[in-house]
Each structure stands twice: as C-alpha cells, then as structure tokens.
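J.: Letter by letter, the chains look like this.
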Amino acid sequence: MTSFSLIRFTARGIGRRPVRTTLTIIGLAALILTYVSVQSLVSTLEINVSGSVSSLGGEIDVLKKGASFPLFSTVPVSYTNTVKTISGVSLAAPVAVAQMTVDNNQAVIAGLVPSLVPRMLTYTMVAGTMITSNQSGILSIGKALASTVGKGAGQTLLLDGYNYSIAGVYQTNAWMDYSLIIPHSVAQQLIGWVNQTSMIVVTTQDPRTVDTIIGQIRTLLPTTDAFRTSEAPSKISPIFASLEAIASDITIIVSLSAVLGIMNSNLNNLRERMRTFAIFKATGASSSQIIRLVLYESLLIGILGTMLGLGISYAVLNLVSIPVAEKINVAIILVPSTFIYATLLAISVSLAAAIYPALRIARVRPQEVFRFG
Amino acid sequence: MDDAVILRTEGLSKTYGNGPEKTVALDNVNLQITRRKLLAVYGPSGSGKTTLLFLLSGLDKPTSGRIYFEGVEVSSMSERRLSRLRRNSFGFVFQNYNLVDELTVLENVMLTMMFEGKPGAERRDRAEELLRRVGIAGKERRRPSQLSAGEQQRVAVARAVANRPELVLMDEPTGNLDQENSQQLMRLVTEMVQGEGTTCVVATHNLEIVNEAPSKVVLKSGRIVSS
Chain A
1 MTSFSLIRFT
11 ARGIGRRPVR
21 TTLTIIGLAA
31 LILTYVSVQS
41 LVSTLEINVS
51 GSVSSLGGEI
61 DVLKKGASFP
71 LFSTVPVSYT
81 NTVKTISGVS
91 LAAPVAVAQM
101 TVDNNQAVIA
111 GLVPSLVPRM
121 LTYTMVAGTM
131 ITSNQSGILS
141 IGKALASTVG
151 KGAGQTLLLD
161 GYNYSIAGVY
171 QTNAWMDYSL
181 IIPHSVAQQL
191 IGWVNQTSMI
201 VVTTQDPRTV
211 DTIIGQIRTL
221 LPTTDAFRTS
231 EAPSKISPIF
241 ASLEAIASDI
251 TIIVSLSAVL
261 GIMNSNLNNL
271 RERMRTFAIF
281 KATGASSSQI
291 IRLVLYESLL
301 IGILGTMLGL
311 GISYAVLNLV
321 SIPVAEKINV
331 AIILVPSTFI
341 YATLLAISVS
351 LAAAIYPALR
361 IARVRPQEVF
371 RFG
Chain B
1001 MDDAVILRTE
1011 GLSKTYGNGP
1021 EKTVALDNVN
1031 LQITRRKLLA
1041 VYGPSGSGKT
1051 TLLFLLSGLD
1061 KPTSGRIYFE
1071 GVEVSSMSER
1081 RLSRLRRNSF
1091 GFVFQNYNLV
1101 DELTVLENVM
1111 LTMMFEGKPG
1121 AERRDRAEEL
1131 LRRVGIAGKE
1141 RRRPSQLSAG
1151 EQQRVAVARA
1161 VANRPELVLM
1171 DEPTGNLDQE
1181 NSQQLMRLVT
1191 EMVQGEGTTC
1201 VVATHNLEIV
1211 NEAPSKVVLK
1221 SGRIVSS
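Protein sequences appear in the order of chains A and B. Mapped onto this note's numbering, the consecutive letters of the first sequence carry residue numbers 1 to 373. Mapped onto this note's numbering, the consecutive letters of the second sequence carry residue numbers 1001 to 1227.
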C-alpha cells in the first residue's frame, strides 16, 4: 500500500469523525498558542533587555560587579581610560542609564558621548539630527518614545522637569527606540553623579580577541564584570535565566499533558474502532500498515492543529504588547524560530501520542474481536 | 503431494480455556480441500465450523495439528506472511458481513486491493466491476448500513474476491438472509467458482447449500463425522 493511498484514506477517515478531530485540533492549537506565547514573551523581554545594552553598541559590556541591570550599575568614568589602554580595544565609551520622567511618562534614558554615537549605534534619522555636542537642553528621541509622548523634532519636552529641545527623532528597530539620548555629561548632572557612569561599552579591533580582552578587563578592574554583549540577558539579569527555565518547564508540562490527553483520546477512539481495525487485519492489512495508518491519521491532525495554532498565535500576539513602563508598551516580538519549534513540537506531540495506541491496535486479534466484540 | 489439493489439515485441534473450563472446539480434524471446488462444511451451531474457518484462514492458531496451503505450512507462519496470504490468497466472508461503516461500499471492496498496493484506478475499476456483478451498481457511494442484509452480504463477497484469491472461506454466508437472498448469493458463489476457478469453503447449516455442494464434510462437536 502506498503512503499516498494511506494518507488519502486517512484524510477521509478523520473527516468522518468531525467532533473528535476538531477537539484534538483545538487541543494542539492551544498547545502551540501556549508555547508560542510563553516563548515570545521571554524572547521579547530578553531582546528588549538585551537591546537596552546591545543596542548601545559594542561587543563587550563592563558593569559594576554584581549589578543585575545597567540601571543599578555605577562604575568610575576613569575606568574608560583604563580599558582604552588594553591592546586591541578600538572603542571604550561610557554610558549613563537612568529612568526619568519624559513629559508624563517614565522612560529609560541613555547618556552618551555625542562624538561617539555614530560609532556605537546603528540608526536612521526619521526627522532632525542626532545630538552632536555636549550642549545642555537638547536631546534626540527614539521613534517609539516620540510617538508615545506625541512629540517630534523641533518641539520641546520635559525631562525630569527641565525643558529640552528635540534635535531629532531616530530609529534603531531596537530597544533604543523606546529611549532618548542626551549628552553623557548632562546625564551625569541630571542623575547627580560626579565621575561616575553606568557602564562602559567596548569594541575590539578583532572580534577573535573578545575573550582575551574580557579577561584583561576583569584582571585590571576587579570591581567590575565584563561579558559579551550577546550574553547580556542572562548575565545582567539572572531573572532571565529563571524565565527561560520556567518557559522550558511550562513547555514540558504542557507538552506532556497534551501527549497524555491526545493519547487517551486516541486510545478511546481506537478502542471504539477496534472492529474496523480487526476487519482491516482480517482482510490482509499487516501490523506495519495499521501502525502507519494510525500514525498518518495523527500526523494529519497534527498538521491541521499546527496550522490553526500558528495562525491563532500570530494573530493574537500581534495584538498583544507588554507594559515595560508607565504608558509604554513593547509589542511582542515574534521570532520565526519560535514558530518553527512550535511546529516541530506539535508534530512530535501528535506522533508521540499515537505511537502507543498504534502499537496496541496493531496487535489486535481479529478472531477475538469478532467473537467477543 | 496431490496437485488437486489446495489446502489440507493434519490432526487439527483447537481448545479454548484451561482446566475444567476447557472447551474443545475442534478435535483432530483431517481435511483435504480440492482446488476449484466448493466444499460445504455442515454442522449445527457450536460444532466448530467458524473455528475451522478461522484456523484455515490463519486468523487463529491451532492448539495442535498443521495446516498446509499449496503444500506450505500455514499454522506456523509469521504474522507478516499470514497477512500477505490473507491479502493475496484468501478471501473471507463473515456471517455478520464485517463491512466497515466508516467507508463507502466502494471503499470496502477496494480495501484488500489498497492493502496490496494496487494502483487507485485499477482497484476502482475492479471494485466497480465486482459491484456490478453482485448487483450493487449505483450504490457505490452508500455506507454499508444503508444497504439491506442481502446487499451487504453481496458486498462482502465482492470484497472477498477483489484480489482474485485462490481460496474463499465463507462463514454462514446465508445465515442472516431470507431464502430468496440466500439463493441469489449461492448462485453468485457458484458463478465465482466456475467462472474464476476459485476454491470455496462454505460453513453453513443450510441443507440446501450442502445438498448442492459437490463435496461436503459434517462437523459435530469439533469432529468430522462424515465427508
């Protein structure tokens, strides 16, 4: 029997049990929605927190040892010069990060050295210009934050109670779009720091020397912690390591529940159709053909459930956003790999839930079913 | 070995249960079935007719004894080889038809051909031809439950012969049919034996069938008492 015949045969079969099929498909769709939601939530938070560091550029971040987030980190600005002395370092720039009131909203602002901004950030100006000097009273604002406060280039806004002129609106397609940039020296004054900054962003001349330079920074500046920017989420906040673990646990628990639920449904369904399978065997179906029949059936339902689940997940998550600060919401970031893994998960769950029932039904003894029902 | 013999049994026995609850369904049955002939197995209910047919078709295993089909021992065959045998060489017509109500009449007839891997067009043509021959033309898309008992049994016969088996085993094929339908069905079976050269074993307690059959055996309490 060809696989194609079996699949067509199976497709007709599942269409004739619409209630059971629909319920299983909805169950799988719910599994996918749960998985995609949890993973996307974690990814969004990670990307944004990572973005709050990595979108500041650089390959290495230097924070105060033990600080869980740039907002809670302070390091002497003089450390910047120490890092610059390390061979292979092409850029070491101080970054001051603080949460401040922007008009009536809360936002995390970044204090950068204006002359270094083009070397640190990849951005496009939507309107106006990026700040270019240490002049007080000017700032550049991210597109998303500008949209939240309803201001544009040339207008003024209140930053921590002071009037600032918006030099321009930039777009980075990263977390920085929810922030604004002021000169580093101005940020120090606003925060009340003398010779302090939140972190140092480092770029190397050769990416292969990153680990060596990290080691040297740790040796030279033992009160700091240096790490790759790409490791920012787990490094700067152990919460993310926990979140990832929780997301994995939820996925495992939900998947196991789905496997057991669908397996139970499959067993009941096959028990009801025991006579049908006994007839198949009596008319010449081999055990392997019966196993394939059950697996194909589950696979088809799995594919339908996956398509529905992915569609629902995409539609729902596009409408959802995460509040990161008062009146500031971050849209859920849909990572393509999450959808690929969700598909693999749902198909695996469908097949795993069918293996045991398939093996059981393949052992059916027609003569017993015909005799005893 | 006699080439005229398609299937034979040696000391075939089947018991169910153990100890005091042991039931002997068949006891030392020695049988030879001649090729391209109709053999009627006659006996009252509980005489072991169904058990014999299940053993001959490889659906059940004997407690002792051997079954040879075309000189090859069937009783010790692997499940895989038995499946192939049931698909290609045997056809089975059950007393209660055993049609799959999830499938249409046409799909039921196509079933064994699908398991055999015959192409879709070929199995459809063959199934339609068979349904025409058994008088079910025009009802191919119906479910078995939408047919009369006589029609269902004729569909079961069509399914049993779909793969052109050498041996068709029928368990009380007229058991649920009225006289007219019984006669119609047996005419069909006779045509099949004569036309396609199929060997038929019909288990029945219908004396009319027994009287018309060229060879017969009588079973009583699991033993052949006359042949």
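There's no promise every hint is true.
Claimed, not checked - Per the computed footprint, the stretches of chain B lying under chain A, defined by three or more beta-carbons under 8 angstroms from a beta-carbon of chain A, are:
hint: 1; segment: 1052 to 1066
hint: 2; segment: 1075 to 1084
hint: 3; segment: 1105 to 1115
To be verified - Pair by pair, the computed Cβ-Cβ distance ranges are:
hint: 4; chain 1: B; residue 1: His1205; chain 2: A; residue 2: Leu351; range: 16 to 24 angstroms
hint: 5; chain 1: B; residue 1: Leu1207; chain 2: A; residue 2: Val19; range: 33 to 41 angstroms
hint: 6; chain 1: B; residue 1: Thr1190; chain 2: A; residue 2: Ile26; range: 20 to 28 angstroms
hint: 7; chain 1: A; residue 1: Arg12; chain 2: B; residue 2: Gly1046; range: 36 to 44 angstroms
hint: 8; chain 1: A; residue 1: Glu368; chain 2: B; residue 2: Leu1207; range: 47 to 55 angstroms
hint: 9; chain 1: A; residue 1: Val19; chain 2: B; residue 2: Asn1211; range: 48 to 56 angstroms
Please keep in mind that the hints were generated in silico from the structure rather than gathered at the bench. Here a beta-carbon is modelled for each residue, glycine too, at the ideal position from N, C-alpha and C.
J.: Compare the structure with each hint and give your call.
T.: Consistency of the hints with the structure:
1. Residues of the segment 1052 to 1066 of chain B with a Cβ under 8 angstroms from some Cβ of chain A number 4, which satisfies the need for three, so the listed coverage holds.
2. Evaluation of the coverage hint for the segment 1075 to 1084 of chain B: fulfilled, as 4 residues show C-beta separations to chain A shorter than 8 angstroms, against a requirement of three.
3. Proximity of the segment 1105 to 1115 of chain B to chain A, defined as three or more residues with a beta carbon under 8 angstroms from a beta carbon of that chain, is established by the 5 residues found.
4. In this structure, histidine 1205 of chain B and leucine 351 of chain A break the distance hint of 16 to 24 angstroms, their C-beta atoms being roughly 48 angstroms apart.
5. Distance hint for leucine 1207 of chain B and valine 19 of chain A: a CB-CB separation of about 48 angstroms, inconsistent with the stated range 33 to 41 angstroms.
6. Here the CB-CB span from threonine 1190 of chain B to isoleucine 26 of chain A is close to 54 angstroms, at odds with the stated 20 to 28 angstroms.
7. The beta-carbon spacing between arginine 12 of chain A and glycine 1046 of chain B, approximately 40 angstroms, falls within the hinted interval of 36 to 44 angstroms.
8. Judged by the Cβ atoms, the range 47 to 55 angstroms given for glutamate 368 of chain A and leucine 1207 of chain B is violated: they are separated by roughly 31 angstroms.
9. Look at valine 19 of chain A against asparagine 1211 of chain B: about 51 angstroms separates their beta carbons, and that is inside 48 to 56 angstroms.
In the structure shown, a violation is registered for the earlier hints numbered 4, 5, 6 and 8, in ascending order.
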